[in-house]
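J.: Sequence:
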Amino acid sequence: GRSGRDPAETALAVEVSAWWAVPLLATLESAVAVASARAAKAEAARGGAAARDSGEAAAMSSLVLSARLCGALAAQLPRWPLAFCQVESCAAAELQPLVAAFASLEGTAHAEWARLA
Numbered sequence: 001g002r003s004g005r006d007p008a009e010t011a012l013a014v015e016v017s018a019w020w021a022v023p024l025l026a027t028l029e030s031a032v033a034v035a036s037a038r039a040a041k042a043e044a045a046r047g048g049a050a051a052r053d054s055g056e057a058a059a060m061s062s063l064v065l066s067a068r069l070c071g072a073l074a075a076q077l078p079r080w081p082l083a084f085c086q087v088e089s090c091a092a093a094e095l096q097p098l099v100a101a102f103a104s105l106e107g108t109a110h111a112e113w114a115r116l117a
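Residue numbers (the numbering used here): 1 to 117.
Bear in mind the hints are in silico, worked out from the structure with no lab data behind them.
Computed from a predicted model, the values in this text were never measured in an experiment.
Ideal Cβ positions, reconstructed from N, Cα and C, are used throughout, including at glycine.
Just so you know, not all the hints are guaranteed correct.
Cβ-Cβ distance ranges computed for the label pairs, FRET-style [what the hints assert, rightly or not]:
| id | residue 1 | residue 2 | range |
| --- | --- | --- | --- |
| 1 | G47 | T27 | 31 to 37 Å |
| 2 | E94 | A57 | 35 to 41 Å |
| 3 | S30 | E94 | 21 to 27 Å |
Using the sequences and the hints given, assemble the complete structure.
T.: Have a look at this one:
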């Protein structure tokens, strides 16, 4: 095996990882915003009644799923470059803002779910 890193190969691996991660982040941000709005609207329409309708339940489930996906992506994203480049380690500081964004969105989705639950 190689002991060193090829900077060009590493840079390409980081670029490919970001190419996948950025649209995923945008999709999940949209999903969280839509689910939050739907759940809040359904809650307001319900007017304090105990029973949730299927739309509100689906929106709440969407928030939980989005939070779990964001948490998984935040945990796995730093490892993605290793899948794309054949090096022993891949320091990808460029991906840290994306990791932080996924982690932040996970927190947002959890907070919205808790607020509406």
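J.: If a hint holds in the structure, say so; if it does not, say that too.
T.: Hints versus structure:
One distance hint, 31 to 37 Å for the beta-carbon pair G47 and T27, holds here, with the actual separation near 32 Å. Look at E94 against A57: about 39 Å separates their beta carbons, and that is inside 35 to 41 Å. Range check, S30 to E94: about 24 Å between beta-carbon atoms, so the 21 to 27 Å window is met.
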